[in-house]
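For chain A, the structure is supplied; the task is to place chain B on it using the hints.
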Amino acid sequence: MIQSGKFLRALSAGILAAVVTSAAAQTPSPTQQATTPAAIGYVKTVTGQAWVTTTGQRVSAAPGTPIMIGSQLKTMAQASLGVTFKDNTMMSFGPDTELTVDEYLYDPAQSQLKLGTSLARGSLNYVSGVIAKLKPEGVAVKTPTGIIGVRGTQFVALVEDVK
Amino acid sequence: MKSIQHMMNHACKLTLAAVALALLGACAAPPPPPPKSYVALLASPDGSVGKVVVQGQRGEQVLAKAQQGALLDGSQPPFDVSAEKLQSDFGAAMKARPELPEQFLLYFELGGAQLTPESKTLMTRIVERALARQSVDMSVIGHSDTQGAANANEALALKRATAIAEQLREMGLKDAVLAVESHGERNLLVPTPDETAEPRNRRVEITLR
Chain A
1 MIQSGKFLRA LSAGILAAVV TSAAAQTPSP TQQATTPAAI GYVKTVTGQA WVTTTGQRVS
61 AAPGTPIMIG SQLKTMAQAS LGVTFKDNTM MSFGPDTELT VDEYLYDPAQ SQLKLGTSLA
121 RGSLNYVSGV IAKLKPEGVA VKTPTGIIGV RGTQFVALVE DVK
Chain B
1 MKSIQHMMNH ACKLTLAAVA LALLGACAAP PPPPPKSYVA LLASPDGSVG KVVVQGQRGE
61 QVLAKAQQGA LLDGSQPPFD VSAEKLQSDF GAAMKARPEL PEQFLLYFEL GGAQLTPESK
121 TLMTRIVERA LARQSVDMSV IGHSDTQGAA NANEALALKR ATAIAEQLRE MGLKDAVLAV
181 ESHGERNLLV PTPDETAEPR NRRVEITLR
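As they're listed, the protein sequences go chains A and B.
If you count by this note's numbering, then the first sequence holds residues 1 to 163, one letter each, in order.
If you count by this note's numbering, then the second sequence holds residues 1 to 209, one letter each, in order.
What you were told as hints is all true, and nothing was included just to trick you.
Chain A stretches covered by chain B per the calculated footprint, using a threshold of three residues with CB under 8 Å from any CB of chain B:
(1) 77–84
(2) 90–96
(3) 150–160
Straight-line alpha carbon distances no greater than 20 Å define the calculated SDA-like cross-link-like pairs of lysine to any residue that follow:
(4) Lys95/B to Gly48/A
(5) Lys114/A to Pro136/A
(6) Lys51/B to Val130/A
(7) Lys135/A to Ala64/B
(8) Lys174/B to Ala39/A
Source of the hints: derived by calculation from the structure; they are not laboratory data.
All values reported here derive from a predicted model rather than from experimental measurement.
Using N, Cα and C, we set each Cβ at its ideal position, and we do this for glycine too.
Just chain B, same shape as in the assembly:
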């Protein structure tokens, strides 16, 4: 009895070994290890693909292709990650992604806080878009061109941003979180030398988040 059991055990082991060998033989390259802690690169919402660098305890890897992954310890070369795997590991996180921020540019007549006619029309749209969001916070950043002294431009850009924030509040965004800032002439949309009048730089940037 004992010897039969022993023989059967032995036979089992042999069969297992044969199956394992057959599996190994079937695949030319060994299959990639099941990813544990890993990072995977995806295309950005705008379609572009950037790069991710992993500096791990056991090496460094660079990902430059969408749906490519690397272990976080950096121990293995990048591998492809299937759509199914991404869905099962990250479905919930992806679904929780907030609505993309939206940006608007408002332009001003020379020297003051008076909006151009086109920008006046845009204000209505901005309010509509802000109200359509479930929970909105917005930044209102004033900019000037380089004509005039830097500190005067700092003040002018703040005056523009404050005037716009005030109007937005009056137009229905009374309770919205509004962060008002001035970048003066320090953050030009169109690079120019100093003392240059440039309508495209006289602007207020509004971002809805």
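The following block holds chain A by itself, in its conformation from the complex:
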């Protein structure tokens, strides 16, 4: 009885190991990840010094820098930055601007659509994309004093620095 229990345990451990191994085998290698990152958008234009900070990692923005959910975009004085998202939403920023991408869901075939950002300060030019077209109520830009809802259009927003 004890022996069969041991055997079962050994067997289940073996199965577990096999599952773990196959899961590890399915994890994309670093090179595969580099070609298919979990990016939701990319930097397209930069002048001056701009930063993209994702999960605590700050990188100097350049054309091709990936944007992820949670990324914070920041431009310094006399700098600008332009980003295009997977759903063709475009956001560009003038100097001394700070925006965080809080939420991004883009799966039109499953009606999973959401784009939530926070503009803490600075200037933003926003050209809406597929998400705003298919699900306007899924798009919002939060600012310190109000929330901007987007119904398929282009707009600009200025948030003055509170000092």
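Chain B in isolation, oriented as in the chain A frame:
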């Protein structure tokens, strides 16, 4: 001496008050407050004008006209924003706007991953346009019509998208960021009932960003 200074001060105040009154009188309506944190609606690149809704701490405003603005706290009715004001506040942000994305549709012969002759020609153009961009990322999304089982169509659409992505890489886009997806029969261009052969739904959508 003291009294003269006092009198002059008084006179100054009176003059200022008179000027202020004159200014007020000159304008029938008080001028709009200088916008601080605000949003302004613009026409989209395609010329259409949508809507912006502001839900602020002090009210809600709706903008439906181009070059109309509203304070972000929602406290005031919409006001017009001059082109000069837009330029001085947003010139840099507007100039940084990325190139507009471009979309192409490729069509397939029935049942397989073979492109129609017209779509073969289009492939060359897509590669040219992609290479012309400074920094390009692209999505390649496969779609099917509704003829056949949904899961078979999912696989077929993925096969089409993968074949196209492979060809694009071979045609000079080796290092481009290509996201390959299948929407199967879930995202029809032309709505049809199930089990309907529809050439326009057998497609791969390519977007250059």
